[in-house]
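**Q** I would like the entire structure built from these sequences, with the hints used as guidance.
Each protein sequence line maps, in turn, to chains R and C.
The numbering used here puts the first residue of the first sequence at 1, with every later residue one more than the last.
The numbering used here puts the first residue of the second sequence at 1, with every later residue one more than the last.
FYI, nobody ran anything at the bench for these hints, they're computed from the structure.
Accuracy of the hints is not assured; some may be wrong.
[To be verified] In silico lysine-lysine, DSS-like type, Cα no more than 30 Å apart, as pairs:
id : chain 1 : residue 1 : chain 2 : residue 2
1  : C       : 220       : C       : 238
2  : R       : 7         : R       : 81
3  : C       : 37        : C       : 73
4  : C       : 275       : C       : 34
5  : C       : 64        : R       : 306
6  : R       : 306       : C       : 37
7  : R       : 298       : C       : 275
8  : R       : 7         : R       : 107
9  : R       : 96        : R       : 4
10 : R       : 81        : R       : 4
11 : C       : 42        : C       : 73
12 : R       : 4         : R       : 107
13 : C       : 34        : C       : 64
14 : C       : 238       : R       : 298
15 : C       : 275       : C       : 220
16 : R       : 306       : C       : 73
17 : R       : 306       : C       : 42
18 : C       : 220       : R       : 298
19 : R       : 81        : R       : 96
20 : C       : 37        : C       : 238
21 : R       : 4         : C       : 73
22 : R       : 204       : R       : 96
[Said to hold, decoys possible] Calculated Cβ distances over 12 Å to all of chain R for the following chain C residues:
id : residue
23 : 126
24 : 225
25 : 237
In this text the structure is predicted, and so the values were computed from the model without any measurement.
We treat Cβ as the ideally placed atom computed from N, Cα and C, and that holds for glycine.
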Amino acid sequence: MAVKVIKPGLATSVQDLGRPGYFHLGIPIGGAMDRLALRAANLLVGNDEGAAALEAVFVGPELEFTADTVIAVTGADMPLKIDGEEQPGWTTLAVKRGQVLSFGFLKSGARIYIAFAGGVDVPVALGSRSTYVIGALGGFNGRPLAAGDELPIGNGGPARVGRSVPQALRRTPGRPAELRVLPGLYWHRIREESQASFFDDGWKVAPEADRMGYRFRGGRPLSFVEREQPFGAGSDPSNIVDSCYPYGSIQVPGGTEPIILHRDAVSGGGYFMIGTVISADMDLIGQMQPNTPTGFVKVTMDEALKARADRARLLDDVRSAVD
Amino acid sequence: MRNRYSFGGDEHLFVECDESMSLEAFFKSLSMTKAVKERGIKGVTEICPANASFQIKFDPDIVKPDDILREVKAIEEQAERSEPVIRTRIIEIPVYYQDPWTHETLMRFRERHQDPKATDLEYAARINSFATVDEFIAAHSGAPWFVSMVGFVAGLPFMYQMVDRPRQLQVPKYLRPRTDTPRLTVGYGGCFSCIYSVRGAGGYQMFGITPMPIYDPEQKVSYLRDFMVLFRPGDIVKFKSIGREEYDQAVADVAAGRFAPATSDVTFDLTEFQKDIDGYNASLEGRIHGR
Chain R
1 MAVKVIKPGL ATSVQDLGRP GYFHLGIPIG GAMDRLALRA ANLLVGNDEG
51 AAALEAVFVG PELEFTADTV IAVTGADMPL KIDGEEQPGW TTLAVKRGQV
101 LSFGFLKSGA RIYIAFAGGV DVPVALGSRS TYVIGALGGF NGRPLAAGDE
151 LPIGNGGPAR VGRSVPQALR RTPGRPAELR VLPGLYWHRI REESQASFFD
201 DGWKVAPEAD RMGYRFRGGR PLSFVEREQP FGAGSDPSNI VDSCYPYGSI
251 QVPGGTEPII LHRDAVSGGG YFMIGTVISA DMDLIGQMQP NTPTGFVKVT
301 MDEALKARAD RARLLDDVRS AVD
Chain C
1 MRNRYSFGGD EHLFVECDES MSLEAFFKSL SMTKAVKERG IKGVTEICPA
51 NASFQIKFDP DIVKPDDILR EVKAIEEQAE RSEPVIRTRI IEIPVYYQDP
101 WTHETLMRFR ERHQDPKATD LEYAARINSF ATVDEFIAAH SGAPWFVSMV
151 GFVAGLPFMY QMVDRPRQLQ VPKYLRPRTD TPRLTVGYGG CFSCIYSVRG
201 AGGYQMFGIT PMPIYDPEQK VSYLRDFMVL FRPGDIVKFK SIGREEYDQA
251 VADVAAGRFA PATSDVTFDL TEFQKDIDGY NASLEGRIHG R
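**A** Following this line, the structure appears as structure tokens:
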């Protein structure tokens, strides 16, 4: 069984739950930006939650099936069609050999996940099928899909057609989007008024928003606590001796435009960070488009852990709903 | 020098050994990350040493943030009492300085440079008070380097030279980053050398190029068949200046699967090193070719 790529869409790539364990060598975890949407898509087609699927951003691909199979599309709100006929998202769908899956214009959100019964069967690289484009690693020949590619699909088990994830369990960023942040790392480098303005100000997602990171604009510039720059740190007050970057960490080069690192993060560098988006909110970033108004909300570690538990319960509810 | 601890969200513990770069801070980061690895703490998923800091990624469903903080603090106390000695290896990296490819690239981006009329090497030599580029190259390829961090992108080593602070070379990054850097460029920014593992954007000054691939996701290069990334934090690197002929020969040898980097296992003792830096470095270099 294979899927023929008629049109690739925009930066459509094979993703699963990523490859932990190699960040110390500069190879990021990668995997689906919106993990919950990926898991839901896989559950709907009877796969392991971490099976490889396709992630497409802003524009969907056009795909032709070489055999009868079962698919599901989750994530962003983007009309999907089989042979031109509109079908529901977040639902188990049967497709026939020769049929074509295509998409309309994106309505809300940013990324869709297309799961196939049996999963995308590209070779495993360092424990994952995720595509890490900068390192030409994993996925389909280490790159996004192109027209003419034939994507191998594994053998699926039985999946009941017509099941769906209820609307209430589909998590999307609000408007304005709210991202919860635990202050820390080099938080002490900015002055008190900047520690307040960062959370008070309204921000917007900048056009520079991809799998590596999301940049934001619109808030007041941050001002720094004065110091003599340490040896090896570089001359700008936003510079530090190059350190590791946590996933979700917020660096602010020059104190002007915050950048949140995401799944394909660079593993380190020389810009100070003011804190980290909590794990429960990382999926939301993957569904934010450029220009999305965004507010940052200050939380404590206890609140971060509670949000994480809430998110785990939501996943359990999704599991029960499609069982 | 006491560590500063901070959480990076609910999944990372960030530990700064020192604000400033030094061999001591790097050594503390490296030995503590080794100790954390040996401790085998449940729930730890990534251990990443950096230049003067390190980071541990953990699963808070398995280990509570406060518990991991307590464990790592205990390791700090233990690290302060232990001998600063590591088992590592020294690798010789041939470098064709002032090569035509980085030269072509740096000429394309002159308007982003501090000194548009000079080359990157001429600028670096001048601001570090060397009379000639050759003298600067002799300093860069003279004393060995510690790989103090592997990252930014896949397999890219940051290296800190094993000399005392007055002899550290310092060169700022480009004013604005380039959109292109040849693969395997030997670069310089701040007090760090690097080797670009893949082609791409970059802000470090460009000094030369090595014929030796250091990252190969297809694992076809003979010495990268076992693992696609050459460098590990803690490796010691000695640059060897080569010319065009030697460069071309090495490229051909790599393609034919005949190239093997000159490597030797060594023990590094920070206390002994500090007693006689040049003498210690000379003995390390002697080990490369089994002398």
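**Q** Each hint: holds or not?
**A** Hint by hint, here is what the structure shows:
| no. | hint | verdict |
| --- | --- | --- |
| 1 | C:220 / C:238 | holds (24 Å) |
| 2 | R:7 / R:81 | holds (14 Å) |
| 3 | C:37 / C:73 | holds (14 Å) |
| 4 | C:275 / C:34 | holds (25 Å) |
| 5 | C:64 / R:306 | holds (13 Å) |
| 6 | R:306 / C:37 | holds (28 Å) |
| 7 | R:298 / C:275 | violated (49 Å) |
| 8 | R:7 / R:107 | holds (20 Å) |
| 9 | R:96 / R:4 | holds (13 Å) |
| 10 | R:81 / R:4 | holds (16 Å) |
| 11 | C:42 / C:73 | holds (16 Å) |
| 12 | R:4 / R:107 | holds (26 Å) |
| 13 | C:34 / C:64 | holds (21 Å) |
| 14 | C:238 / R:298 | violated (47 Å) |
| 15 | C:275 / C:220 | violated (43 Å) |
| 16 | R:306 / C:73 | holds (25 Å) |
| 17 | R:306 / C:42 | holds (21 Å) |
| 18 | C:220 / R:298 | violated (48 Å) |
| 19 | R:81 / R:96 | holds (13 Å) |
| 20 | C:37 / C:238 | holds (27 Å) |
| 21 | R:4 / C:73 | violated (54 Å) |
| 22 | R:204 / R:96 | violated (42 Å) |
| 23 | 126 | holds (18 Å) |
| 24 | 225 | holds (14 Å) |
| 25 | 237 | holds (16 Å) |
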